[in-house]
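K.L.:
Please take these sequences and the hints and turn them into a complete structure.
Here my numbering is used: the sequence shown runs in plain steps of one and ends on residue 392.
Please note: incorrect hints may appear among the correct ones.
Said to hold, decoys possible - The list that follows gives simulated cross-link-like pairs (lysine-lysine, DSS-like), each with its CA atoms no further than 27 Å apart:
| hint | residue 1 | residue 2 |
| --- | --- | --- |
| 1 | Lys367 | Lys389 |
| 2 | Lys191 | Lys201 |
| 3 | Lys367 | Lys308 |
Unchecked claim - DEER-style ranges, computed between Cβ atoms:
| hint | residue 1 | residue 2 | range |
| --- | --- | --- | --- |
| 4 | Arg63 | Ala378 | 48 to 58 Å |
| 5 | Phe324 | Gln242 | 19 to 29 Å |
| 6 | Asp374 | Thr337 | 42 to 52 Å |
| 7 | Arg348 | Glu197 | 47 to 57 Å |
Hints were generated in silico from the structure; no laboratory data involved. By construction, the Cβ of each residue, glycine as well, lies at the ideal position given by its N, Cα and C atoms.
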Amino acid sequence: MAEPLSQPMPQPQRGADGGTDTGPRNVALDRQNPDLLAPPATDHGTLPNLWFPFSAAHNRLESAGWAREVTALELPSSPTLAGVNMRLNPGQTESGVRELHWHKQAEWAYMISGRARLTAIDQEGRTFADDVAQGDLWYFPAGLPHGIQAHAEGCEFLLVFDDGSFSENDTFLLTDWLAHTPRSVIAKNFGVPEELLKDLPTKEKYIFPAPLPAPLAEVNQPGPQGAVPQPFSYKLSAQAPQEATGGQVRIADSRNFLASTTIAAALVEVAPGGLRELHWHPNADEWQYYIEGQARMTVFASGGKARTFDYRAGDVGAVPFAMGHYIENTGNTTLRFLEVFKSDRFADVSLTQWLALTPPALVKAHLNVSDEFIAHLQKVKPVVVKAQS
Numbered sequence: 004m005a006e007p008l009s010q011p012m013p014q015p016q017r018g019a020d021g022g023t024d025t026g027p028r029n030v031a032l033d034r035q036n037p038d039l040l041a042p043p044a045t046d047h048g049t050l051p052n053l054w055f056p057f058s059a060a061h062n063r064l065e066s067a068g069w070a071r072e073v074t075a076l077e078l079p080s081s082p083t084l085a086g087v088n089m090r091l092n093p094g095q096t097e098s099g100v101r102e103l104h105w106h107k108q109a110e111w112a113y114m115i116s117g118r119a120r121l122t123a124i125d126q127e128g129r130t131f132a133d134d135v136a137q138g139d140l141w142y143f144p145a146g147l148p149h150g151i152q153a154h155a156e157g158c159e160f161l162l163v164f165d166d167g168s169f170s171e172n173d174t175f176l177l178t179d180w181l182a183h184t185p186r187s188v189i190a191k192n193f194g195v196p197e198e199l200l201k202d203l204p205t206k207e208k209y210i211f212p213a214p215l216p217a218p219l220a221e222v223n224q225p226g227p228q229g230a231v232p233q234p235f236s237y238k239l240s241a242q243a244p245q246e247a248t249g250g251q252v253r254i255a256d257s258r259n260f261l262a263s264t265t266i267a268a269a270l271v272e273v274a275p276g277g278l279r280e281l282h283w284h285p286n287a288d289e290w291q292y293y294i295e296g297q298a299r300m301t302v303f304a305s306g307g308k309a310r311t312f313d314y315r316a317g318d319v320g321a322v323p324f325a326m327g328h329y330i331e332n333t334g335n336t337t338l339r340f341l342e343v344f345k346s347d348r349f350a351d352v353s354l355t356q357w358l359a360l361t362p363p364a365l366v367k368a369h370l371n372v373s374d375e376f377i378a379h380l381q382k383v384k385p386v387v388v389k390a391q392s
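P.N.:
Take a look at the structure:
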């Protein structure tokens with residue numbers, strides 16, 4: 004397809020450096036990734052790929068929804084966390100169900116849209132049921148069985164697992180287990196005649212339609228062992244944000260979402276032209292999911308190595324442990340993204356705060372800066388800074 008005359012052909016050029024690309028080439032990708040096509044002059048050395056779009060992942064289509072994953076197979080630079088984007092279909096009398104299952108890994112989730120019913124039990128037989136909506140979280144510890152069903156409007160969500168080698172295709176599914184267990188054993192286990200099992204599924208259902216969930220009050224009746232001691236859901240959207248000059252941040256970790264003991268996260272909003280400040284994380288790799296807007300990020304890996312990537316809604320980013328970086332809003336709408344960590348606590352180190360709390364003479368000796376620069380340093384983390392006017 005010919006390029007519109009109003010859009011100049013992007014070229015791998017930066018000032019006098021580089022040259023034209025006569026093709027063949029994927030112009031659409033070049034337009035979406037200008038900092039890969041023509042990197043900033045500050046990029047240097049070799050770093051692994053730190054970007055992968057869910058749009059490039061294999062999509063598993065089922066009778067009542069779909070699922071696609073970004074794991075260490077797609078993004079080897081993320082060995083500690085993997086993600087799944089899942090849709091459960093809407094319906095007037097039936098809706099999509101992610102069948103009853105459990106994992107070897109802990110499951111953390113962010114609701115992108117719609118509403119869903121969650122159910123689970125723990126190892127003591129204590130029960131849990133709740134409805135979650137856009138902006139809410141849930142967390143199921145490794146090994147605990149649970150189910151997810153959309154309400155009438157359907158839902159879409161992001162799942163994050165605390166192991167980069169996780170695959171959604173290796174989930175322990177109820178139907179899959181029973182399909183591979185002799186009927187005589189199943190009948191003996193439940194104390195029923197074998198003829199009652201004649202319609203058991205012969206393979207996994209995975210995502211399938213089922214009657215809409217009953218009202219929560221009818222379902223949320225604790226069994227004889229009572230309810231789980233800490234809810235597996237958290238209303239992140241109801242949390243008062245930490246305001247900054249260029250946006251805001253909400254943090255969910257084991258200090259406020261008590262059940263989430265292996266995954267911590269921050270939901271970050273950056274105004275147009277704003278910047279998630281130069282920083283690094285001292286306790287874990289960072290896994291990112293871009294919800295809205297567009298951004299660029301340069302990651303500094305020490306030894307003179309740095310590389311810049313561009314991100315859009317639906318993309319995954321990765322920052323290996325302790326590497327310095329920023330995230331800049333390069334669009335003209337609000338940038339919203341998740342920072343996710345395999346940790347019980349969210350932690351970051353601010354470059355600005357570090358320099359502000361270091362003796363000024365030492366900072367000036369390092370950076371050849373003036374007292375005027377020192378006066379602009381903030382002793383409280385800026386977190387998200389606004390665009391310069």
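K.L.:
All hints are to be evaluated individually against the structure, with a verdict given for each.
P.N.:
Consistency of the hints with the structure:
Between Lys367 and Lys389, the direct Cα distance comes to roughly 25 Å. Compliance with the 27 Å bound is thereby established for this hinted pair. A distance of roughly 14 Å separates the Cα atoms of Lys191 and Lys201; the hinted pair therefore holds under the 27 Å criterion. A distance of roughly 24 Å separates the Cα atoms of Lys367 and Lys308; the hinted pair therefore holds under the 27 Å criterion. Taking 48 to 58 Å as the suggested C-beta distance range, the pair Arg63 and Ala378 conforms, at roughly 56 Å.
Restraint check, Phe324 to Gln242: a C-beta distance of roughly 27 Å satisfies the suggested window 19 to 29 Å. A hinted range of 42 to 52 Å for the beta carbons of Asp374 and Thr337 is inconsistent with their spacing of about 36 Å. Distance hint for Arg348 and Glu197: a CB-CB separation of about 51 Å, consistent with the stated range 47 to 57 Å.
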